[in-house]
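Peer 1: As a plain string of letters, each chain reads:
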Amino acid sequence: MTTLIKHILAIANKEAKHIKRDIFTLAVALILPMLFVGFFGFVINLDYHHIPLLVRDNDQSSTSRELLTQASAAEYFDVIAVHTPGEAEQQLHENSMRTMLIIPPGFHDEFTKGTMARAQLLIDGTDNTMASLATTYMQGIVQATQHALLEPHIPESPVIRTRYLFNPELNSHWFIVPALNTIIIGFLAILLTALTVAKEWENGSMELLLSTPLRAVEIVVGKLLPYFVLSFFDVLLVFVLALLVFRIPFQGSFALYLMACMFYITGALALGLLISVITRQQQAAIQFGFAVGLLPSFMFSGFIFPIENMPVFFRYLTALFPQRWFLQISRALFLSEAGLVDLWVPFAALFVFMAGMIILAVQNFKMDVEP
Amino acid sequence: MSISVRAEHVSKTLGTTKALTQINTLFEAGLVHGVVGPNGAGKTTLLRLLKGLLHPTQGTVAFTLQGQPCTLKQAHRQTGYFPQEPSLYPDLSVWEHLEFFRDLYDVDPQQFKNRAEQLLSATGMSPFTDRPAGKLSGGMYKKLGLMCVLLNRPSLLLLDEPTIGVDPVSRQELWDIVYSVAGEQMTVILSTSYMDEAERCAKVHILQEGHLLACGQPQTVMDDLHVTNFADIFLKHE
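Going down the list, the sequences are from chains A and B.
In our numbering, each number is its position in the first sequence, counted from 1, plus 27.
In our numbering, each number is its position in the second sequence, counted from 1, plus 12.
Source of the hints: derived by calculation from the structure; they are not laboratory data.
Please note that a few of the clues may not be correct.
[As the list claims (entries may be wrong)] Going by beta-carbon spacing under 7 Å, a handful of chain B positions derived as facing chain A:
1. Phe112
2. Asp115
3. Leu116
4. Asp120
5. Pro180
[Said to hold, decoys possible] In the BS3-like style, the derived pairs of lysine-lysine whose C-alpha atoms are separated by at most 27 Å in a straight line are:
6. A:Lys33 - A:Lys47
7. A:Lys44 - B:Lys125
8. A:Lys44 - A:Lys393
9. A:Lys44 - B:Lys147
10. A:Lys33 - B:Lys30
11. B:Lys147 - A:Lys47
Note that CB positions come from ideal geometry on N, CA and C, so glycine has one too.
One chain only, chain B, in its complex shape:
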């Protein structure tokens, strides 16, 4: 039951800064979407708009669940979001975080047991359940955040720069988790400023200075823009 999202003429002004200008794009259900761009491109603003944490100054964001339009409230209830900034509680342990989000998402105890075991095993975090979040490495911290939002089995997963500040091994593990959950049951939209990660997505949405430069399958986008890698897109437009 994955969700698709359409952004139509979406603009967002934060204070006096135009963070996004006339964004028109479609995030199809069941795919791994990459919102790609350098720092300050408007990636976080776009993800926050999709989650409803910010409201468009102009334009609309529409959600479709199993081909049927759904309300913002319905969509947001089935959306998991993990922000870029550190957002976990340093004094709470891994297990305490899972229990806390279990209660917030109202997950059934038996389901929680199964999902927690599954997630802990998939992330390799089983031996660290008693460790406070403040004492986890960068990669483990991101994995914990991902586990917290995945407990709810959302239909739409939004991840804001999940691999930033993470070592290569943990990055690969995070991507493995993303691939394993995406599909019929879940649409994944993640933002990244690592150009090599763009090629791992099924569809990319290229942002620069608040404008959508292109969107489509990675190879198609590169062909259309006559570049051999994503970094060249931004160098070309500077």
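Just chain A, with the same shape it has in the complex:
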């Protein structure tokens, strides 16, 4: 065994002992990802069902009843009939209304004559996600009503039938959970190693370590190894959670997914080490770790804000953050059969980030105690 490997293994073995004996770190590393993905996976749900829909049916016709039947059947709306303007006003003031449908007299006549039948849909605009979804749902319900009532009499009409690929039911869990994996693993990996070198400086053990024949690369790689194993275990844990609890299908290559995880985790761990090497203080390292681990995960990964909709400068800025690239790979591999040919750009970006962080951590590792 070469001296390099021997030294790396010695540091890795020592770190592994620290981890095993530090119950808090171990608990954070093993339980936090499951809690985070479990909690946010259930809490963040972009699908709206049973939206309260007040209905003032002034037509009371078979057409208006069919429209309401279709609305109830789809489970998107909970239909609540109001019979007087006063009742509608009271519901408005109680703030229980999210949407309100007003069907005017003569709706049925206009509908059957083939002229434009008009009804009014009022939507609570304070929640724009719900507002746009409610509009889409109602368009579908109107279409369904048309088909139910008119289709037998219309031989052929051009209709666009939409089919959603990779996520046929537009299940938001399928969209969110692979992204949560990206955020928690990246964030945790940075925090785990952000403390490790700073701790040695604060405890005084770094001076003794630097007086041995160790080289910077041996300390950096040795410190990365046990945290890599721990983070990789986290990835597998979250993966199993996604499959078994959230029933998300995994369509892509598992080997590719593991390779992406390897690049992503190593890059994040090396970034944490770089922070630790530069700050030399645990408190500063944690603050820095939070700033570079958590914020970009939410802001620049595409998790919340679609990257395509960002201003050009921010679109380019996102390229610096590995979260963006891993999220792209994670979603693609979970939901489609994308291969390396389709994903070579994010893979290359993750590799460059990983190599860059390791080189920076080694280069910035000072082998003396100069202030």
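Since the structure of chain A is already known, use the hints to place chain B on it.
Peer 2: Frame of chain A; chain B shown alone:
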């Protein structure tokens, strides 16, 4: 194969503080050298400079191995250093520390077995091999640190205040270990602020506020400075 060290015109500035000014001294091979001075005299800075953990702002530190000049890299590889501050891992046991430093110094397994047994027996630490460093007494902690650096059988041993915070019995044991290793195979340079310990050294280097006041055999230094004990040197220069 002990090492001798010569410091020539060595100065060191840390931030805005002049920690050492124009130090010229020779640490001859095979002796026990004492770097003596009160707190803030520059003892730790000097030892760190000798180990290469700090770099001189001015001047040079030169090493000689068996009469031949050697590079800093060669010298540092054969130098053992135990700092003043607590620097061991509280959760690792005595034995785990020895194994860790065995791997860092690349000590052969058979040699390790012999040396570890020897050191454990000499320090009286054999019954405590499973005890974590964080649960050792002050004296045992220092002995463990000393064992870790001695595993490598260095040619130059640097000890920064090894007896500070240690009870009198453990102090004596630490000195016994130092005497037993120093000689043809090892030069020992230790710093101390205990004046009674200065007299135990073969040669003393007296530091105050970053300046070298004197160096030589303890009795010669006292005679030259017209004092009867080392404490008087510092009282006289205050």
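Peer 1: Each of the hints needs a verdict: does it hold here or not?
Peer 2: Quick rundown of the hints versus the structure:
At its closest, the beta carbon of Phe112 of chain B sits 5 Å from a beta carbon of chain A; the interface hint therefore holds under the 7 Å criterion. For Asp115 of chain B, the shortest C-beta to C-beta distance to chain A is roughly 3 Å, which falls under 7 Å, so the interface hint holds. Checking Leu116 of chain B against chain A: minimum C-beta separation of about 4 Å stays under 7 Å; hint holds. With its C-beta approaching chain A no nearer than about 12 Å, Asp120 of chain B sits outside the 7 Å limit, and its interface hint is violated.
Of the supplied interface hints, the one on Pro180 of chain B is violated, with its beta-carbon coming no nearer than about 25 Å to a beta-carbon of chain A, more than 7 Å. Of the supplied pair hints, the one linking Lys33 of chain A and Lys47 of chain A holds, its CA atoms being roughly 21 Å apart against a limit of 27 Å. Proposed proximity of Lys44 of chain A and Lys125 of chain B is supported: the alpha carbons are some 22 Å apart, at most 27 Å. Between Lys44 of chain A and Lys393 of chain A the alpha-carbon distance is near 24 Å, which keeps this suggested pair within the 27 Å criterion.
Distance check on the hinted pair: Lys44 of chain A and Lys147 of chain B sit about 17 Å apart at the alpha-carbon level, within 27 Å; holds. Straight-line distance between C-alpha atoms of Lys33 of chain A and Lys30 of chain B comes to about 40 Å, which puts the hinted pair past the 27 Å bound. For a cut-off of 27 Å, the pair hint linking Lys147 of chain B to Lys47 of chain A stands: about 18 Å separates their Cα positions.
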